[in-house]
Every structure is written in C-alpha cells, then in structure tokens.
Amino acid sequence: MPGEAVELEIPARAEFVALARLAVSAMAAADGELADERVDDLKLAVSEACTNAIEAHSAIATDKRVVIRCWVEDAGLEVRICDRGGGFDPLGLPDHPPVTDPARLKFERGLGIPLIRALVDVVEFSSSGKGTEVRLVMRHGDNNGQHPAQRG
Amino acid sequence: MDLGLDVTERDGWAVLSVTGEVDVYTAPKFRERLIELVSDGKYQIVVDLEGVDFLDSTGLGVLVGGLKRLRSHDGDLVLVCTQSRILKVFEITGLTKVFSIHDSVDSAVQA
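Protein chains in written order, with this note's numbering: chain V, 1 to 152; chain S, 153 to 263.
Since the hints were made in silico from the structure, they are not lab data. Treat the hints loosely; a few may be bogus.
Unchecked claim - Taking CB as the label site, the calculated pair distances span: (1) Asp63/V - Asp255/S: 23 to 33 Å; (2) Asp226/S - Gly110/V: 40 to 50 Å; (3) Asp258/S - Ala75/V: 31 to 41 Å; (4) Asp205/S - Gly110/V: 23 to 33 Å; (5) Gly86/V - Ala263/S: 24 to 34 Å; (6) Glu243/S - Ala59/V: 46 to 56 Å; (7) Ala61/V - Gly193/S: 19 to 29 Å; (8) Gly129/V - Ser252/S: 40 to 50 Å; (9) Leu91/V - Asp226/S: 36 to 46 Å; (10) Gly110/V - Lys181/S: 41 to 51 Å.
Cβ coordinates follow ideal geometry from the N, Cα and C atoms, glycine included.
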C-alpha cells in the first residue's frame with residue numbers, strides 16, 4: 001500500500017456507508033483521472049461492498065470496524081474494503097431467475113455483487129472464516145464513457 | 153443524510169417522490185412508506201426517482217419488494233426516471249425489463 005493511501009475505519013453500521021463512498025469519490029475526484037461517470041460507478045461499487053461488509057459483521061454480532069483503504073497508482077485507483085465477518089464463497093452465489101420469469105420478483109437481494117462486477121475494471125474477493133477483503137480497481141485512461149459490462 | 157418521501161395523488165395513482173440517497177441506511181424508511189401506502193389501499197403507485205442522487209441495490213430491493221406486494225393486490229408500481237446514472241443500475245441488473253420506466257409522472261399515469 002503506497003504512502004499516499006487514505007485509510008478510513010468505520011463502525012459497522014448502515015449510517016456510515018455514505019461516509020465511505022463519499023471519501024472514495026472525493027479521492028477519485030482529487031485524482032482527476034477518471035471521468036465523472038466512472039467515479040459514480042466506483043462510488044456505487046464501494047457502497048455495495050461496504051453494505052455487504054456491514055451485514056457480514058451484523059451476522060456474527062461483532063462490533064469490530066470495517067476498514068476502507070484507497071490509493072492512487074499510475075495505472076489507476078485502488079480501493080480495498082476489509083471486514084472481519086464470517087466470510088462467504090463468491091462463487092457460491094445463487095443465480096437469479098431470468099428477469100422475464102415471474103419468480104424473479106422473489107429476489108429482493110443478491111444484486112450487489114453482480115453490480116460490483118459490472119461497474120469496476122478489476123474485482124477480487126478474498127474470503128475466509130476471518131473476514132473478507134474486496135479489491136476494486138478503476139484503471140486510468142479508460143474513460144470511454146461505457147461501463148465494463150458494455151465494453152465486451 | 154435525509155431521504156425525502158412525499159406522496160401526492162394524480163389521476164387515481166399515488167405518486168411517491170423520492171429525494172436524496174437510497175442506500176442500506178435509508179432503504180428501511182423507503183420500504184416502510186411503500187408498505188404504508190399499500191396498507192392504505194393504494195395499489196397503483198408511481199415512484200418518482202427524479203430527485204434521487206444515489207441508489208444502490210438495497211434501493212432496488214425495496215422497489216422489487218414493492219412491485220411484488222402490489223402485484224399480489226392486482227396493482228402496479230411504475231417508475232419515473234431519466235437520470236442516466238440511476239437508469240444504469242436498472243440496466244445492469246436487467247430490471248428495466250421488470251419495471252415500467254417513464255420519463256415523467258404525466259406519462260407514467262397515462263400508461
């Protein structure tokens with residue numbers, strides 16, 4: 001983690017997710033290398049990852065904090081969201097029924113991780129029984145106005 | 153962070169205008185307001201998202217839950233949204249095919 005990194009430690013409570021996304025979007029704006037639309041995409045991905053982190057802490061009733069680290073490299077902006085929840089299997093997520101299937105309406109949750117994957121350039125989940133680290137990277141110089149899912 | 157939830161009536165529809173940020177913190181308030189409307193017998197609801205600055209998957213969950221609840225009463229929940237950054241969230245998740253999305257309250261209530 002480079003010396004210019006910003007580290008934010010938040011209580012694992014819903015009201016602090018806004019603070020986390022604000023800090024990361026301010027950092028991205030200060031970096032000045034990402035188009036506004038890509039800063040919005042990153043902000044949304046951070047919000048989703050922090051929401052999952054907070055829910056993971058809530059599930060095991062821990063009062064430990066969630067840590068968000070953010071830094072700029074030549075290649076892009078990197079954010080890591082680390083929780084100390086019970087972990088999860090990112091490959092074991094259930095598939096939703098197709099959107100045209102009436103059963104789709106049974107699923108009010110589970111959209112966060114697909115959104116993260118669609119919004120940022122690099123996503124990695126490292127999870128164990130001791131917690132989860134989500135690594136998000138937005139590359140510089142990729143400001144063609146499309147999100148990764150549309151770039152093909 | 154405040155979430156605004158104002159309800160008006162238009163041509164037999166309840167119009168719920170949402171302003172501010174919808175996330176894991178504010179979504180419960182949004183869900184409660186929708187449930188209240190349904191409990192009051194409002195089965196035709198327009199949710200106007202034009203004043204929303206931010207919406208994540210918890211907000212989508214509230215809308216999906218609301219639609220499901222209204223369909224069980226033979227009602228409907230339609231959206232007003234023209235902001236590209238909000239529409240994008242619906243597009244990525246495929247929910248543009250689940251919701252009827254309009255560019256104004258007028259067009260939503262006439263649909």
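Checked hints:
Range check, Asp63/V to Asp255/S: about 46 Å between beta-carbon atoms, so the 23 to 33 Å window is missed. Taking the beta carbon of each, Asp226/S and Gly110/V are about 27 Å apart, not inside 40 to 50 Å as hinted. Checked against the hint of 31 to 41 Å, the C-beta distance between Asp258/S and Ala75/V comes to roughly 47 Å, which is inconsistent with it. At about 24 Å, the CB distance of Asp205/S to Gly110/V agrees with the hint of 23 to 33 Å.
As the Cβ distance of Gly86/V to Ala263/S is approximately 45 Å, the hint placing it in 24 to 34 Å is violated. With their beta carbons about 30 Å apart, Glu243/S and Ala59/V fall outside the hinted range of 46 to 56 Å. Between Ala61/V and Gly193/S the Cβ separation comes to about 39 Å, which falls outside the hinted range of 19 to 29 Å. A hinted range of 40 to 50 Å for the beta carbons of Gly129/V and Ser252/S is consistent with their spacing of about 44 Å.
The given range of 36 to 46 Å is respected by Leu91/V and Asp226/S, whose C-beta atoms sit roughly 40 Å from each other. The hinted window of 41 to 51 Å between Gly110/V and Lys181/S is violated, with their beta carbons roughly 22 Å apart.
The structure shown violates the earlier hints numbered 1, 2, 3, 5, 6, 7, 10.
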